[in-house]
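*Asks:* Single-letter residue listing:
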Amino acid sequence: MDTNKKLLKSQSLKDLLGKLTQSGKTVYAPKKVREQVDFQSITSPEELAQDYVQTVQSPKSAVFPRVEELFRFRNGPEGVKLSERDMSALPEIVLFGARPCDAAGLQPLRAIFTWDYQDALFKSRMEKVTIISLACQTSDEYCFCTSVGLGPGDPTGSDILLTKLPNGDYLAEIITDKGKSLTDSMPELFLPAPADAKPAALADVQVKFNHEELSKKLASLFDRTDLWVGQSLRCLGCGACAFVCPACACFDVQDEGTTHDGVRLRCWDSCGCSLFTLHTSGHNPREVQSQRWRQRVMHKFSYMPERLNVFGCVGCGRCSRACPVDMDIKEHLTAVMEVKA
Amino acid sequence: MDDLRKKAKELLETKQVSVVIGYGNGTGDRVRAIFVQTPADTDKLLFDDRCLQNLTVYLSKSEVRKIGKPAVVVTLPGMRTILQLASEKQVMENDVVVLGISPTGTLLDLPNFKAISDYVASSNLDYTDAEMQKLDEILKLSLDERFQFWNEELSRCIKCYACRQACSLCYCSRCTVECNQPQWIAVPSHDLGDFEWHVMRAMHLAGRCINCGDCARACPLDIPINLINQLLAQEIFQDFGLRSGTSPEADYALSTFRPDDKEDFIR
Numbered sequence: 001m002d003t004n005k006k007l008l009k010s011q012s013l014k015d016l017l018g019k020l021t022q023s024g025k026t027v028y029a030p031k032k033v034r035e036q037v038d039f040q041s042i043t044s045p046e047e048l049a050q051d052y053v054q055t056v057q058s059p060k061s062a063v064f065p066r067v068e069e070l071f072r073f074r075n076g077p078e079g080v081k082l083s084e085r086d087m088s089a090l091p092e093i094v095l096f097g098a099r100p101c102d103a104a105g106l107q108p109l110r111a112i113f114t115w116d117y118q119d120a121l122f123k124s125r126m127e128k129v130t131i132i133s134l135a136c137q138t139s140d141e142y143c144f145c146t147s148v149g150l151g152p153g154d155p156t157g158s159d160i161l162l163t164k165l166p167n168g169d170y171l172a173e174i175i176t177d178k179g180k181s182l183t184d185s186m187p188e189l190f191l192p193a194p195a196d197a198k199p200a201a202l203a204d205v206q207v208k209f210n211h212e213e214l215s216k217k218l219a220s221l222f223d224r225t226d227l228w229v230g231q232s233l234r235c236l237g238c239g240a241c242a243f244v245c246p247a248c249a250c251f252d253v254q255d256e257g258t259t260h261d262g263v264r265l266r267c268w269d270s271c272g273c274s275l276f277t278l279h280t281s282g283h284n285p286r287e288v289q290s291q292r293w294r295q296r297v298m299h300k301f302s303y304m305p306e307r308l309n310v311f312g313c314v315g316c317g318r319c320s321r322a323c324p325v326d327m328d329i330k331e332h333l334t335a336v337m338e339v340k341a
Numbered sequence: 001m002d003d004l005r006k007k008a009k010e011l012l013e014t015k016q017v018s019v020v021i022g023y024g025n026g027t028g029d030r031v032r033a034i035f036v037q038t039p040a041d042t043d044k045l046l047f048d049d050r051c052l053q054n055l056t057v058y059l060s061k062s063e064v065r066k067i068g069k070p071a072v073v074v075t076l077p078g079m080r081t082i083l084q085l086a087s088e089k090q091v092m093e094n095d096v097v098v099l100g101i102s103p104t105g106t107l108l109d110l111p112n113f114k115a116i117s118d119y120v121a122s123s124n125l126d127y128t129d130a131e132m133q134k135l136d137e138i139l140k141l142s143l144d145e146r147f148q149f150w151n152e153e154l155s156r157c158i159k160c161y162a163c164r165q166a167c168s169l170c171y172c173s174r175c176t177v178e179c180n181q182p183q184w185i186a187v188p189s190h191d192l193g194d195f196e197w198h199v200m201r202a203m204h205l206a207g208r209c210i211n212c213g214d215c216a217r218a219c220p221l222d223i224p225i226n227l228i229n230q231l232l233a234q235e236i237f238q239d240f241g242l243r244s245g246t247s248p249e250a251d252y253a254l255s256t257f258r259p260d261d262k263e264d265f266i267r
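Chains Z and Y are the protein sequences, given in the same order.
In terms of our numbering, the first sequence has 28 at position 28, counting the first letter as 1, and numbering is strictly consecutive.
In terms of our numbering, the second sequence has 70 at position 70, counting the first letter as 1, and numbering is strictly consecutive.
Wrong hints could be hidden among the right ones.
To be verified - Example chain Z residues on the side facing chain Y (calculated, C-beta under 7 Å, incomplete):
| hint | residue |
| --- | --- |
| 1 | V67 |
| 2 | R234 |
| 3 | G237 |
| 4 | F243 |
| 5 | V288 |
| 6 | P324 |
| 7 | D328 |
Please keep in mind that the hints were generated in silico from the structure rather than gathered at the bench.
These figures come from a predicted structure and were not determined experimentally.
Every residue gets a Cβ at the ideal spot worked out from N, C-alpha and C, and that includes glycine.
The following block holds chain Y by itself, in its conformation from the complex (with noise of 0.2 Å):
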């Protein structure tokens, strides 16, 4: 944490960044994201396990963006976002400077995207045995049970679109759920407005979810939506090899085409 402070401090005082966003105090044990703007206020920042939102969901926000130049504080998914952002043209590599915290807490050098691909490459991105545990839960369930499922928690649905907005790939000025010229998506929370925009969200993150879980931790109704997310990221390791998150110039496995593609159906 003494090295966090010292660097955030360093970033600060020699003007290389306007603002660190990173993590302090929130109301009784939990913690929040915080906007250091000055040397003195680099003493605020933490870290420790509590430490989970996906700050670098803020490098889209307009008032944050005019602050000046970010440092953010990351872990594993934030930088896997990172490279994805990258990927995706949102970030560029003098944009935000990285502050990458190891499973350990230790701070790491990460100067550049080649920094942060090898070291993702060099981490452990299969899931959690908590993790496969969930998910070997759903897909051990028949079609209908899978159905009914996801039918009796996504009526606890609210719309209030935590999960979007929590989200750091979720950028769209204009999501097209709020396009209403054609209306693609049933506004309203009822049965049918949930279930479309669920699935619409699960196919926009398709192949693109860095899995932080962010969208989850969000839902006031703990909704478990990202296991969507996770499940799709599975498939598309298995039929495509690629994951998100873990190459600033990678192909996106859903909108590339290859004339060499193993389906027959495309060529």
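For reference, chain Z alone in the conformation it holds in the complex (with noise of 0.2 Å):
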């Protein structure tokens, strides 16, 4: 029998909510704010939405909030003293709900905040974060995790994925440690999983690209100025799309206090946004939106799987839906693959 598989039953999924809820830790979740879902952190099992594609936001800010106290400063008589965060206190979190993308999208998060420098911050949180991920059943037309190299029931960067079984059951599949520890502590929760369990089918997410080739061809493309503006002359230049995304990681630091005494804190921030770059002498090395837009798919596709390893994207589609102006990530990326060199 496979150990790494469990059986939780339909009407356990509200017992297994509510001890995590109980059990001291913080559970984000998807849940309903006005006409949307978004994810909140949750105290009964009541809460969890139903019937929803994709939550606005994207779950990093469990990891990478979007305002985050770095340190303290005083300027005193004897110096400056800084006292740094204590890392006990950052809270225990269970993400529930997630889908397999948003799993899959912290590691893009974890390959730049431990790319050189190592941020004590990020994988202290990302120590304390378990994911129990969702396998999708549906998806709409911004979706386009497989041509990103995944899929909808991928377990990439989950702790446990949850897939539905025919019968309304879900077949836990354990796979991290932090994962086992926590199945192991409800046991009367996590069943073992008949043999012959089969999953209902996933959502049909059709491959647009192939993202290796992806990589490749725009490696020739930087200095095609006409495909770049003419994708981006409608982008308004937001950071609607870098703000819900789960794999952006740019940020900005601003110290808040007085000069004697105060605190620093890393804020989110965008390349599409046009102060990004601006430099103090007043140079601006992407003084327009097209080079902004580049940057954006450039580093998402390019830049990233060339130094990190690891892709800048996982296709859940939230930049398109969030879009206020319609710039469809996917549609641009396949275009990008029909431009002739």
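Two chains, two frames, some hints: make the complex.
*Replies:* Pasting the structure below:
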């Protein structure tokens, strides 16, 4: 019998969420907020949203909050004193109901935050997160996980992956030690899986392009101004795409307080914003939107695979859904593959 | 729609404009802004009730300006934007060809600012019943409840600035939030930073906003920030009798001084 697979009865899902929310851990899960569904901290199983394709935002704020205190500083007669964050005070988080693409999205973040400098805050938060993801049975026209090497049932990044069975029960695949210790702690909920358990059909997400070929192709398209201008004329230069993206890691550092007593903060930022690359001299190496759009595409699909061996996109489609002017990344990447060199 | 395509084609063929900014098909059921630069591509233009984005936002974008003189497809809010931009000396009469579309979908003949002003003057600028209902819901709250309402709404703000970027009247090359010597507004998207941003945005648009609703439509978190602007516009109309985007030479209520002002404090 495969000990890495367990059975979670449909009625036990509530019990699992109940236990998790009672455990003292913070539980982030998809929750209905007005007309939208977004990751929120929930305190009861009833808050879990039903019937949605994707949350508005990715769950990345669990490990990379939109505003994060890095340290406090005090400048007194004895010189500058820094107080570092107390990592032990960071919350234990269970990310419930993440999509497989969300779980996979933490990999590019990890690659960036542990590239050369080892970001202790990010790493501590990652250590304290357990991800229980839910395989996708539905998708929409913005989804393209299968074009970036993932899929609606891909286990990458998940600690436990739940897949619905035709009778409504869930097959729980235990992927990591974290996942194992969680399921081991609730043997009454995670039952032995029947050997013949066959998941219900997963979402049918068509492959639109080959991401390895895309990466190679992009390397020769940097100077194709016509392509980048043509794609981005309607782009407004806001940060919606980057902020809802599970893999976007750019940030801005801000000090608040006074020069004598203050706090240094890390805040989400975006390469799509005109000030992102503005130098103190007044020079801006990416002075127009097409250059910023090119950077967004290149960084995710050319520079990251080249330098970090991971793609900066998991095909969740959030950027396209959130874009006020319908910048559809899947469409634009497909168009890149069709460009004649 | 045929009239629009025909007119766009004629404008491009006769080189009166270099680009027609209009609506075309987008992803799924969506429509999106398209920038038509050849007569052949005018077939891609469409217009129906999904076409809500205020396309005048593109008039100030440098890469669009670089193409050459534009024609822009607008409905009433877009026409009002053109007049407001004109009154703020941001658009001159010959800078742009205005392809106005009536509520019934017919192409209007708007050769100059006067024609646009006349058309706007003949239109109903009052809020719709649905808009009034939303505003009334907020106005009937006590001040504490109202503060609570906005605190809850704005707590979802992630400061992506989609509201600002989508706004045709937020054309400043450097926004106050991005001035850091001194720093007027807190940059981080924490409670104070979000609140300060939205209060500042509302104040800068008070009496200038023409109620296109693009700020709220652009918001990825569905925060109804246009309500703030609508309330301010209503107050300014009540107090000063001025409505934004109705004349290319209008005074701006909040920065105009008159010796015969009815208020004492300013004299």
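*Asks:* So which hints don't hold here, by number, going up?
*Replies:* none
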